[in-house]
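S.K.: These protein sequence lines are chains R and H, in that order.
Under the working numbering, the first residue of the first sequence is numbered 2, with each subsequent residue one higher.
Under the working numbering, the first residue of the second sequence is numbered 1420, with each subsequent residue one higher.
If you are wondering where the hints come from, they were derived from the structure by calculation, not from laboratory data.
The C-beta atom is built at its ideal place from N, Cα and C for all residues, glycine as well.
Among the clues, some could well be false.
Examples of chain H residues lying across from chain R (beta carbon under 10 Å, computed) [to be verified]:
#1 P1719
#2 F1722
#3 N1728
Distance windows between CB atoms, simulated [said to hold, decoys possible]:
#4 H:Y1841 - R:D87: 54 to 60 Å
#5 H:T1656 - R:V82: 23 to 29 Å
#6 H:L1641 - R:D236: 46 to 52 Å
#7 R:N84 - H:V1776: 42 to 48 Å
#8 H:P1743 - R:T17: 38 to 44 Å
#9 R:V119 - H:E1713: 30 to 36 Å
#10 R:N15 - H:E1713: 39 to 45 Å
#11 H:E1516 - R:D140: 55 to 61 Å
#12 R:R145 - H:L1641: 46 to 52 Å
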Amino acid sequence: MVEPGHATHIAFRNVTVRYGAKAALQDITLAIPRHQIFGIIGPANSGKTTLLKCINRTIDFVPGVKVEGEVLVDGENVFSVRNVYDLRRQIGMVFPLPVGLPLGVYDNVAYAPRMAGVRDRAELDALVEKCLRQAALWDEVKDRMQMLGTKLSGGQQQRLTIARALSHRPKILCLDEFSIAVDPVTTMKIEDVLLELKREMTIVLVTNLVQQARRLADHVAFLNSSQLVDVGPADVIFSERPGNPMTFDYVRGLFG
Amino acid sequence: MPELFDRAFQYFIAPAGSDERGDGTAARPFQSLERAAALIVDNHRKELPAVKVLSGGDEVELVCLERPGFGSPLRKQPRFRYFVAPDEVALAGDGTEAAPWPDLESAMAGVLQIHAGRQLRAGDRIQLTRREVFTAGIIERRKVAVDRLAKVVLAAVTAGLVLPLLAILSYLFTKAWPVLSWRFLIENPQNYMTAGGIWAPLVGTLYLVAISLAIAAPIGVLAGVYLNEYAGDNWLTRLVNLAVVNLAGVPSIVHALFGVGAFVLFAGFGRSVMAASATLAIMTLPVIITSTREALAAVPQSFREACWNMGASRWQTIRTIVLPNSIGGILTGVILQVSRAAGETAPILFTGAVFYVAVPDRGLASIFPYSLNDRCMALSYHLFTISTQVTGVSEALQYGTAVVLFGLVLMVNLVSITVRVYLRSRKRW
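Based on the provided sequences and hints, a complete structural model is requested.
M.R.: Put into structure tokens, the structure is as follows:
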């Protein structure tokens, strides 16, 4: 058991994930520091998303999956957590394709708190506004809170998804290529928000955009064909001499 | 000089062997195709420099006259049609639509080459058309044709489906017309079924349907929710699925025998409304389960995952997102089973339907004429008896009963369609 406040927030210990015969992650060991932005880069199909799914155990919903090793959050192995909902409540997840629930904008953001038992209207109002502001969506939707989330544009839905991920006041925020469906201006807005948010939470950012990782991340891990190639502080990873020459090639766009 | 006819430049050529020295008008035609080619290219270059390439829809037509100055060309003669590319970038072609000539000059040279060995005959027309930018080739034309054919065939088949329905409806109504009245519905059969109405069987059918649905709908929907939302993909689930599918395929008479064994004898209901309803419920159950599962499966998986990611439990997700967005499909499936339960004869034949029973058809007692332990009359069985078992029943009575049964089913289906249309109109993704 590691006490809170310790530098490491999430730790992977020899994690191997197999979908049937195919390994999606092979023997991953890494530490994600608290209150920092941890970037995960790598080409498609390298296991980045699988890694995220291990943290909040949504990996459980993948049929035929086998997981070995330990993922420690605050020193506790998530795979031996009894009540998985308590774990997920502490982790916000944003996936590449936005999913607006078929509810109003307000109800979308209030969903997680309500499911966690928050009933007080004033509390919900304040929370919804705060999350929508953090996701840079408030100004666009404040006059139409009852509009269906599914009727928003793709970029707005993605920001709605981010607002929802923040709505249960997570300690960890995982973003999986959040900027795919968002225009560059909004992306920059959200990136600013992330830099703000890292004071309150640990952020794990999976991204295809090396430049985005360079802009935001404090630490970076580089995955390739389900293996951890390199991990370290961003200034080392993006330097002339990272831990592995492959990293240098990937970051410079020489392969991948 | 060229005359402009509907954006077409028309030139005339004198018949073979003429010594004309004209400039291409009808009165003074060109002497030969060679001469025409040279002069036209020259002319277009000098007078109309912009027309090096023909502009949209323009045509150049060369008409061989019967004799100089003799009026309009003979329309029945063959037309030679060649194409010029719509822009200057085309490669050298052969004048077909697929490979047009790049410009007027090479087009004229091409025409000369093609017609070199052949004399033009009076009335022959050579057309040079500017090919359109988007030209349908053989494959594209075939696509359009096949598409059109498919549409016509499918529409014809669909129309063919409606015809028998209309025929049956009109036939039924014509035959039944003499007895159709309000009294027919609310009076009991009289005089050994040869007179009176159908109140007892009508209310019997309503009873059977309502009770069977009250049994089957909750069980079926709950089982469907479990199978779609909770059950893992293991051998037990597959076995249950197999059982459900097979149960749906069991003939109704087999259900009837099962009902006799299970409900009439084993459960001790005796032949009664209860036993018949339970048998109907068993019969409708698999379809309700299947339609419930389909309605649930139509809700995108991403909605569930989004909820789970926010820490919502499976049940919370089902209650707040999945069920509200699939209730329309579920209801439709359930309602459609009403018509099936109302129409079946076999399952109730041995389990609770009776040939004749006198029930009150007046006053409050007529609304609740049967208790669960009573046997009851039913429309489908009543129709069977008055058609085959009782002599002296007028045709109108038989058809009247059929119309009521038909109308009942139709009404239920209409309700189902209305529900579906209403829910689709407020579909939320």
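S.K.: All the hints need checking, so say for each whether the structure fits it.
M.R.: Results for each hint:
1. Checking P1719 (chain H) against chain R: minimum C-beta separation of about 8 Å stays under 10 Å; hint holds.
2. With 10 Å as the threshold, the beta carbon of F1722 (chain H) comes within range of chain R, its nearest partner Cβ sitting at about 6 Å, so the hint holds.
3. Taking 10 Å as the C-beta cut-off, the interface hint given for N1728 (chain H) holds, the closest approach to chain R being about 4 Å.
4. Our hint of 54 to 60 Å for Y1841 (chain H) and D87 (chain R) is violated, since their Cβ atoms are close to 40 Å apart.
5. Distance hint check: the CB atoms of T1656 (chain H) and V82 (chain R) are about 26 Å apart, consistent with the given range 23 to 29 Å.
6. At roughly 58 Å, the beta-carbon separation of L1641 (chain H) and D236 (chain R) lies outside the given 46 to 52 Å, and the hint is violated.
7. Distance hint check for N84 (chain R) and V1776 (chain H): the Cβ-Cβ separation is about 59 Å, which falls outside the suggested range of 42 to 48 Å.
8. Under the hint 38 to 44 Å, the C-beta atoms of P1743 (chain H) and T17 (chain R), about 40 Å apart, fit the expected range.
9. In this structure the supplied range 30 to 36 Å holds for V119 (chain R) paired with E1713 (chain H), their Cβ-Cβ distance being about 35 Å.
10. Restraint check, N15 (chain R) to E1713 (chain H): a C-beta distance of roughly 43 Å satisfies the suggested window 39 to 45 Å.
11. Between E1516 (chain H) and D140 (chain R) the Cβ separation comes to about 57 Å, which falls inside the hinted range of 55 to 61 Å.
12. With their beta carbons about 37 Å apart, R145 (chain R) and L1641 (chain H) fall outside the hinted range of 46 to 52 Å.
In the structure shown, a violation is registered for the earlier hints numbered 4, 6, 7 and 12, in ascending order.
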